[in-house]
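Counting from 21, one number per residue, gives the positions in the sequence shown under the working numbering.
These are computed hints drawn from the structure, not numbers from a lab.
Just to be clear, a hint being listed does not mean it is correct.
Stated by the list, open to error - No farther apart than 25 angstroms at their CA atoms in a straight line, the calculated lysine to any residue pairs in the SDA-like style are these:
| id | residue 1 | residue 2 |
| --- | --- | --- |
| 1 | 209 | 132 |
| 2 | 135 | 146 |
| 3 | 135 | 185 |
| 4 | 185 | 166 |
| 5 | 138 | 185 |
| 6 | 209 | 71 |
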Amino acid sequence: MSEEEPKPQTTNPLLAAYMGALSLASETLLAPLPPTDPAVLREITEAQLGRIHYAAIGRVAAAWASFEAYMDEVLWGFAGLDGEVGTCFTGQMTGARPRLDAFISLMRHLGAARKWNKPFEALSQDVSSLGEQRNRAVHDVWELSNPATPQRAEATARRKVRVLKVHVPTTELLELEKHIVNLAERFNKMAGAIWGELNPSPEISPSDTAL
């Protein structure tokens, strides 16, 4: 009897976890059907791929929400507000753009050095770019009739009508999540550095003062 070939190892813990859990769920759902039927196997695979893709969309949304939440804490800290009072203001802001505008304005008002002007602008451009990608991933309609080639239905009219379907692999969404996490880390380092320049106790972060 020939030995079974080893299953390929996935390097992504998200995919590994979902593949295992969803395989069990699919097998339970399709238990009455012949397990060797190619149609059954195809249905199981497509169900797994679809759920993994939607999970990746959720990771993008969660990463961006965490970024905005941290921006709130930084704004409260620099403004000298506790979380509840600060929420009365940041809770009225929709998205990262007004939060970043408030952050830059507040930094300049508090006396941040001019050397931060270019980093401010670079961060601003990246927030706009990644925010747009996040919005498209989260708010556009997805078509997964063939889960192996997921497509995003984009419809915009910003001075020019744009209606099309865009193929976006699951790996691209996971890369977007990484970019958002890296953006949040950049913001964290920038806020910490400016806090250290403006305050005598740099070991205390701006977000710590708002807690």
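Structure-based check of all given hints:
no.: 1; hint: 209 / 132; in the structure: 14 angstroms, holds
no.: 2; hint: 135 / 146; in the structure: 18 angstroms, holds
no.: 3; hint: 135 / 185; in the structure: 42 angstroms, violated
no.: 4; hint: 185 / 166; in the structure: 13 angstroms, holds
no.: 5; hint: 138 / 185; in the structure: 36 angstroms, violated
no.: 6; hint: 209 / 71; in the structure: 35 angstroms, violated
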